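A.B. asks: Sequence:
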Amino acid sequence: MFDLEETVMGLIINAGMSRSLCFEALRQARAGQFTEADDLLRQAAEAANAAHAVQTRLIEADEGEGKIPVKLILVHAQDHLMTAMLARELVTELIELHRKLAA
1 MFDLEETVMG LIINAGMSRS LCFEALRQAR AGQFTEADDL LRQAAEAANA AHAVQTRLIE
61 ADEGEGKIPV KLILVHAQDH LMTAMLAREL VTELIELHRK LAA
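When you line the sequence shown up against my numbering, it's residues 1 to 103, in that order.
Any given hint could be a false lead.
[Unchecked claim] Simulated restraints on C-beta separations:
#, residue 1, residue 2, range
1, Leu86, Arg30, 17 to 25 Å
2, Glu89, Asp39, 42 to 50 Å
3, Ala103, Gly66, 48 to 56 Å
4, Ser20, Ala53, 36 to 44 Å
5, Met82, Glu46, 26 to 34 Å
6, Met82, Arg30, 20 to 28 Å
7, Ala45, Lys71, 41 to 49 Å
8, Glu6, Glu65, 15 to 23 Å
9, Val70, Asn49, 22 to 30 Å
10, Glu36, Glu6, 31 to 39 Å
11, Ile13, Leu97, 40 to 48 Å
12, Arg99, Ile59, 32 to 40 Å
13, Glu65, Asp3, 26 to 34 Å
Bear in mind the hints are in silico, worked out from the structure with no lab data behind them. A quick note: this is a predicted structure, and the numbers were derived from the prediction, not measured. For glycine and all other residues, C-beta sits at the position ideal for the given N, C-alpha and C.
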């Protein structure tokens, strides 16, 4: 098995990193630095994938039987992941708009 709190913290850290990288990518796009923005979005995707892998491990360990206790920190972690995923989708669209406006 695994240490639940340590595992959940990994989810929070990676999701938070993904979100931060997304907004840094948007700042770069606003400045016309699209290569940097694209690189930051790639890094954000990697961090999001790492967070999603942790979430998948938790779901697999639970096996749909309530084996993983639902603590507030786990709900908080899920919130971070969903926020990061939404940020990535929206920031990607905003960067494309900036790219079109700059063309």
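A.B. asks: Indicate, hint by hint, whether the structure satisfies it.
C.D. replies: Hint-by-hint comparison with the structure:
Taking 17 to 25 Å as the suggested C-beta distance range, the pair Leu86 and Arg30 conforms, at roughly 19 Å. The given range of 42 to 50 Å is broken by Glu89 and Asp39, whose C-beta atoms sit roughly 18 Å from each other. Between Ala103 and Gly66 the beta carbons are some 53 Å apart, a value that agrees with the proposed interval 48 to 56 Å. The hint said 36 to 44 Å for the Cβ distance between Ser20 and Ala53, and at roughly 19 Å that hint is violated.
In this structure the supplied range 26 to 34 Å is violated for Met82 paired with Glu46, their Cβ-Cβ distance being about 18 Å. Distance hint check: the CB atoms of Met82 and Arg30 are about 25 Å apart, consistent with the given range 20 to 28 Å. In this structure the supplied range 41 to 49 Å is violated for Ala45 paired with Lys71, their Cβ-Cβ distance being about 28 Å. About 22 Å separates the C-beta atoms of Glu6 and Glu65, a value consistent with the hinted range of 15 to 23 Å.
Distance hint check: the CB atoms of Val70 and Asn49 are about 24 Å apart, consistent with the given range 22 to 30 Å. For the hinted restraint 31 to 39 Å between Glu36 and Glu6, the CB-CB distance of approximately 33 Å keeps it satisfied. Distance hint check: the CB atoms of Ile13 and Leu97 are about 30 Å apart, inconsistent with the given range 40 to 48 Å. For the hinted restraint 32 to 40 Å between Arg99 and Ile59, the CB-CB distance of approximately 36 Å keeps it satisfied.
A hinted range of 26 to 34 Å for the beta carbons of Glu65 and Asp3 is inconsistent with their spacing of about 20 Å.
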